[in-house]
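*Asks:* Residue numbers (this note's numbering), protein chains in the order written: chain A, 65 to 178; chain B, 3 to 116.
Hints may be right or wrong, so weigh each one.
[What the hints assert, rightly or not] Computed list of chain A residues with no C-beta within reach of chain B, every gap over 12 Å:
| id | residue |
| --- | --- |
| 1 | Gln70 |
| 2 | Ser86 |
| 3 | Thr88 |
| 4 | Arg107 |
| 5 | Gln108 |
| 6 | Ile110 |
| 7 | Arg114 |
| 8 | Arg127 |
| 9 | Phe132 |
| 10 | Lys137 |
| 11 | Thr167 |
| 12 | Gly170 |
| 13 | Gly171 |
[Claimed, not checked] Covered, in the sense of this in silico footprint (three residues per stretch, anywhere, with C-beta under 8 Å from a C-beta of chain A), are these stretches of chain B:
| id | segment |
| --- | --- |
| 14 | 22-31 |
| 15 | 47-55 |
The hints are simulated quantities; they were obtained by calculation from the structure and are not laboratory data. Glycine is no exception: its CB is placed at the ideal position from the N, C-alpha and C atoms.
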Amino acid sequence: AQTVTQSQPEMSVQEAETVTLSCTYDTSESDYYLFWYKQPPSRQMILVIRQEAYKQQNATENRFSVNFQKAAKSFSLKISDSQLGDAAMYFCAYLNNAGNMLTFGGGTRLMVKP
Amino acid sequence: GAGVSQSPSNKVTEKGKDVELRCDPISGHTALYWYRQSLGQGLEFLIYFQGNSAPDKSGLPSDRFSAERTGGSVSTLTIQRTQQEDSAVYLCASSLEGNQETQYFGPGTRLLVL
C-alpha cells in the first residue's frame, strides 16, 4: 500500500514571498501520478498541479511549481509571489497505477501574512 | 461547464438513522469516487465506479456503507444505522475515465451524527 507524508502541519509566508511545502511518499510502483490539491474553507478541493512519474521535467502552473525527486520519493510544492488567496489547506496526493484511488497526505495549513 | 455537485451541503442526523448523500459528476465523466474526510483519519478512499464495471468497494469501512450509481451518472452513498464516528465530510470526485485521469472534486457533504 502507498503512503503519503506531509511533515509540516502548518506553514506561514509573507505576502509576495516564496514558500515550499514538503511531501514524501512510499510506493513500490514505477508508474504513478502525483498531485497537489488546495482546500480553502469552502471545502472545495481544487487541483493545483499534477506530475506524471515518468516525466523528468518538473510541472509548473503559473506561480506554482514542483520539485519532483523520484529516487528520493519527494514531491514538494513551491508557491512564488504568495497571495492572500493562497491561504488554505494543501494536500499532496498519490494516484496509483490502476488509477482507481487517491492516497492523501495529512495536509499542510498555509497562512499568508499581509 | 458545471462542476461536481453534491447534496445536501450539510446533514445533521440522530444516531441510528439512515442517511443518503448524493453526487452529480461532471457531464461526460465516466469515473466517480467517494472519499471521507474526518479529523481523526484524514482523507480516505471509500468507493470507485468506472463505467459499467463492478465498483471497487475496498475502502468502505463497514457493511453499513453502500453506494450505487444509476445510469452511469448520479451516485448515492447510503449510510445505515449511523454512528457518531460516521461524522465527517463526504467528498465526491469524478474523472474523464478511471485510468490515471485527474479527479475533480465536489464541495462535499458535512455529516454530523448526534
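*Asks:* Evaluate each hint against the coordinates.
*Replies:* Hint-by-hint comparison with the structure:
Residue placement check: Gln70 (chain A) does not keep its beta carbon more than 12 Å from all beta carbons of chain B (closest about 10 Å). Under the 12 Å C-beta cut-off, the non-interface status given to Ser86 (chain A) relative to chain B holds; the minimum distance is some 16 Å. Thr88 (chain A), annotated as away from the interface, keeps every beta carbon of chain B farther than 12 Å; the closest lies near 16 Å. With 12 Å as the threshold on Cβ separation, the claim that Arg107 (chain A) sits away from chain B is violated: the shortest Cβ distance comes to roughly 5 Å.
With a closest Cβ-Cβ approach of about 5 Å to chain B, Gln108 (chain A) is found to fall inside the 12 Å limit, against its non-interface label. At roughly 8 Å from the closest C-beta of chain B, the C-beta of Ile110 (chain A) falls inside 12 Å, breaking its exclusion from the interface. Distance check for Arg114 (chain A) against chain B: the nearest CB is about 6 Å away, which does not clear 12 Å, and the non-interface claim fails. Every CB of chain B is more than 12 Å from the CB of Arg127 (chain A) (nearest about 19 Å), matching its label as outside the interface.
Non-interface call for Phe132 (chain A) relative to chain B: holds, since the shortest CB-CB distance, roughly 16 Å, exceeds 12 Å. No Cβ of chain B approaches the Cβ of Lys137 (chain A) within 12 Å, the least distance being about 18 Å, so the stated non-interface status holds. For Thr167 (chain A), the requirement that its beta carbon stay farther than 12 Å from each beta carbon of chain B is not met, with the minimum near 7 Å. Chain B draws Gly170 (chain A) into its interface by the beta-carbon criterion, the shortest separation being 5 Å against a cut-off of 12 Å.
Its closest Cβ contact with chain B, about 7 Å, brings Gly171 (chain A) to no more than 12 Å, contrary to its assignment away from the interface. Coverage of a stretch by a chain is defined here by at least three residues with a beta carbon nearer than 8 Å to that chain's beta carbons; for the segment 22-31 of chain B and chain A the count is 0, and the condition is violated. With 3 residues carrying a beta carbon less than 8 Å from a beta carbon of chain A, the segment 47-55 of chain B meets the three-residue requirement, and the given coverage holds.
Hint compliance for this structure: hints 1, 4, 5, 6, 7, 11, 12, 13, 14 are broken, all remaining hints hold.
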